[in-house]
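J.: Listed below are the residues making up each chain.
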Amino acid sequence: MFNPSPKQFKFIKALLFVLALLPAVRLLVFGFTDRLGANPIEFITRSSGDWTLYFLCITLVVTPLRRFTNWNWLIKLRRMIGLFAFFYGSLHFTTFLWFDHFFDIAEMLKDVVKRPFITVGFIAFVMLLPLALTSTNGMIRRLGGKRWQWLHRSVYAVAMLGILHFWWMRAGKHNFEKPILFGTIVAALLLIRVYFAWRNRGDGAAKSRTAVQKRQVTPTLT
Amino acid sequence: MPLYRRPNGIDLPFSSEITPQDIFESRRSFIKQIAVGAVGAGSLLQLSSGEAWAQAAGAQKLAAKANPAYVVMDKATSYKDATTYNNFYEFGSDKSDPVENAGNLKTRPWTVAIEGEVKKPMTLDIDSLLKLAPMEERIYRLRCVEGWSMVIPWIGYSLSELIKKVEPTGNARYVEFTTLADNRQMPGLRAPVLEWPYVEGLRMDEAMHPLALLSFGMYGQVLPNQSGAPVRMVLPWKYGFKSAKSIVKIRFLKDQPRTAWNIAAAREYGFYSNVNPDVDHPRWSQATERRIGEDGFFTKKRKTLMFNGYNDVASLYSGMDLKKYF
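Chains as they are written, first to last, in UniProt numbering: chain A, 1 to 222; chain B, 1 to 326.
None of these hints come from the bench; they were simulated from the model. Nothing false has been slipped in among the hints.
Where chain B lies over chain A, by a calculated footprint (3+ residues, C-beta under 8 angstroms):
| id | segment |
| --- | --- |
| 1 | 34-41 |
| 2 | 111-122 |
| 3 | 161-173 |
Chain B stretches covered by chain A per the calculated footprint, using a threshold of three residues with CB under 8 angstroms from any CB of chain A:
| id | segment |
| --- | --- |
| 4 | 91-105 |
| 5 | 180-194 |
| 6 | 259-270 |
| 7 | 282-288 |
| 8 | 292-299 |
Just so it is clear, CB atoms sit at the ideal spot from N, CA and C, and this is done for glycine as well.
Using the sequences plus the hints, can you model the full thing?
T.: Written out as structure tokens, the structure reads:
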């Protein structure tokens, strides 16, 4: 089993950080070299939206991958990946708020309420905010592990809303290839968790059965 | 708060942005001279001038007389933007797919069958079509249903010229246009995005309106494949998808034709699909649009005009509820 030394882990983490930053660097380079195409704002919006979904998927891959490989150190990379999902989500949202609505908040909210595909995208982004804000060690301590974990499970809902947002956006052009691909990946990642939970519950049920048996035994003793 | 707001907020450019016709023309010939004279410098010009870019790409010229009745005061979109950012689903659904995949389309020989409720059904080859009426250059605004717009100098003649030739019967109330659907030349047909072939249609009076242009070229050249070569419709008061490209059949009908986008999503794409800032697409507002290549990052989107600013056509729809018949 691969288990990196602290030095190796540092390197892996730094490498991942640089890789995760590349899509943003690409946008900057394209921007300065006139390679964003005829509709640069659309290019940035789509690219940042795509990368938000990619990073959401990668965060969801961590747990199953860790379970299957026993590479427990992977969990220490998840926070950074999650924050990158938030980073690209923020870029996506900012592009919408800035270049589509020019910071006209009232207009933006009208759009959010009126158009279901924007509504779900907006909800997904708002739901990412508390996750990003509670990503520090201090916040984990303050919330307590259980509550923190409960809160951070809302990323499942964020991923599903993200897919729905993408799906509805593409429905206008009847082009579902990519939403189907993303949807399948997210569905698979979530189903794996259902399977894990079901197996655990199996274990848990067995445990509680023994507990009940013990309790039943105890009264007869008294 | 926007960082920069156009002070007038309407769809007209500043007077300083309008190039007078003679300067526009002389600039063109100047650029042409340079492009011809200095092939080495041609690569530089590709970026700055559509004309030079098209010439460098070996496009075929198409002579046309500018029709002063159809000139808008907007700056024309660059040839590069107009020919690299396209919706032509037969070649793929990404904007960059048509320019990448349409290169192998064979536009000659090409025939267009004209049939249905006409006294003189005929099949015309592209050369007879080109000769059917004098070629005009008309600068039209093009508004896509996706919320962006361009300004394109098209070349062609009014569809009515062709319609008069085939003499529709009294039964002809609609016209239907069919796009080529050839699996060997069009990789986009593999995706079941639409019911192929692509079909669009007009009511007879819409088809007879002088604005309805049967187009063979743009920017002084024959149409590039990705823009609907060798012959397409251009209907500037309707969203772009109403204009069928690479047309192989024109049919005159008694009943309203079933059209590709209407079949795919009737709630989103009506039969008329006139540009209308008051009727939102279910997924986005149509009140504003982004002018490709001209509106910078920090420019507020421009207000969309009713019928894309072509108010001549309003009489075609008098008494009609355009919210219902969107």
